[in-house]
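The primary structure of each chain is shown beneath.
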Amino acid sequence: MHSSVIIFPGSNCDRDMDVALKKFGFKNKMVWHNDNELPKSDLVVLPGGFSYGDYLRCGSMASKSKIMKSVINFAKGGGKVMGICNGFQILVESGLLPGVLLRNKYLEFICKNVFVKVNSKDNSYFKGINKETLELHIAHNEGNYFCSKNQIKEIKNNNQVALHYCDKNGKIDENQNPNGSIHNIAGIFNKEKNILGMMPHPERMIDQALLGEDGSVFFKNLINNIR
Amino acid sequence: MKVSVIITLKKDVLDPQGKVIHQTLNGIGFDNINEVRQGKYFEIDVKENDKKKSEDKVEDMCKKLLANLVIEDYKVIGSQ
Chain U
213 MHSSVIIFPG
223 SNCDRDMDVA
233 LKKFGFKNKM
243 VWHNDNELPK
253 SDLVVLPGGF
263 SYGDYLRCGS
273 MASKSKIMKS
283 VINFAKGGGK
293 VMGICNGFQI
303 LVESGLLPGV
313 LLRNKYLEFI
323 CKNVFVKVNS
333 KDNSYFKGIN
343 KETLELHIAH
353 NEGNYFCSKN
363 QIKEIKNNNQ
373 VALHYCDKNG
383 KIDENQNPNG
393 SIHNIAGIFN
403 KEKNILGMMP
413 HPERMIDQAL
423 LGEDGSVFFK
433 NLINNIR
Chain Y
154 MKVSVIITLK
164 KDVLDPQGKV
174 IHQTLNGIGF
184 DNINEVRQGK
194 YFEIDVKEND
204 KKKSEDKVED
214 MCKKLLANLV
224 IEDYKVIGSQ
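In order, the protein sequence lines correspond to chains U and Y.
Last residue of the first sequence: 439 (our numbering), numbering continuous.
Last residue of the second sequence: 233 (our numbering), numbering continuous.
Bound conformation, chain U alone:
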């Protein structure tokens, strides 16, 4: 299985993602933002970081970079595209996912482990995951998911929510909402569910020596589903 991780100026989780993808069997290539064409890929990952220094709005500059034309074509043709953290911000700014990520409600940068509940398993990303909740890491200043009333209706109707912030037992309420996201949303899909954006970083949880191993659960499952 071939994956591609896009490097934007200011990306800083690109190499972590590279390590994670390779660990679970992907043949990964790093792709520079100024390239025109994607290499042959079964999965394209937009990594976390601070592309273009978060100028203007997080992800807004990166969403207009050269390689994104190719990524958008790939995604619109059904290709699997996953954006983590800043990658999620780039996906909403490029219009591949609905909504937007605002500044965290309490204006603080949040860096901690959280629990997320998998909302939808009818897709390549979570199909086959046995755990109801995953412990993953978040590190962001703009993770407050927001969209219009009509958009949230549509997202709910199409079951496009991927992950909700919850407690370790899977209970979803405002106390478990780290950043003010509407309906505790931590990740969403497009309608067809080939595009996933999420704030938590699974690539940070792939070894016991790191923060935990629920990221391993995610990647093992992912490569099985893409195969």
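In short, the hints are calculated from the structure, not lab data.
On a predicted model such as this, the values are computed, not experimentally measured, just so you know.
Yeah, the Cβ is synthetic: ideal placement off N, Cα and C, and Gly gets one too.
You may find that some hints are simply not true.
To be verified - Listed next, the stretches of chain U that the computed footprint assigns to chain Y, with coverage defined by at least 3 CB atoms under 8 Å from CB atoms of chain Y: (1) 269-283; (2) 317-328.
Stated by the list, open to error - Here are some, though not all, of the chain U residues that point toward chain Y, as calculated from beta-carbon distances under 10 Å: (3) Pro310; (4) Gly311; (5) Val312; (6) Asn356; (7) Gln363.
Following the hints, position chain Y against chain U.
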């Protein structure tokens, strides 16, 4: 021609920075404030002498990059 444009958050979008600025203004004695909303201001020098054409160009820039229309409104406030 220099075109000035402001970008503000839409009414129903929470503006936590505006709230904090409001509280801080209260804290230093400005207590007659209903609300503070923070926005962005751009001054764009367009290679164009026609006012209408310059403003149209900047509006297009707002739609394509400067503003995110899910949460923001833009307004051209002048050109010279």
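Q) At a Cβ distance under 8 Å, does chain Y reach at least three residues of the stretch 317-328 of chain U? A) Coverage by chain Y holds for the stretch 317-328 of chain U (3 residues, Cβ < 8 Å).
Q) Going by Cβ atoms only, is U:Val312 closer than 10 Å to chain Y? A) 5 Å, holds
Q | Verdict on chain Y covering the stretch 269-283 of chain U, where coverage means 3 or more residues with a C-beta closer than 8 Å | A | Coverage by chain Y holds for the stretch 269-283 of chain U (3 residues, Cβ < 8 Å).
Q.
Please check whether U:Gly311 passes as an interface residue: C-beta within 10 Å of a C-beta belonging to chain Y.
A. Because about 7 Å separates U:Gly311 from the closest Cβ in chain Y, which is inside the 10 Å limit, the hint holds.
(Q) Can you verify the interface hint for U:Pro310: is its Cβ closer than 10 Å to any Cβ in chain Y? (A) 8 Å, holds
Q. Does the CB of U:Asn356 sit less than 10 Å away from some CB of chain Y?
A. With a closest approach of 8 Å, the U:Asn356 hint holds.
**Q.** Closest C-beta approach of U:Gln363 to chain Y relative to 10 Å, hint status
**A.** 8 Å, holds
The structure meets every hint from the earlier list without exception.
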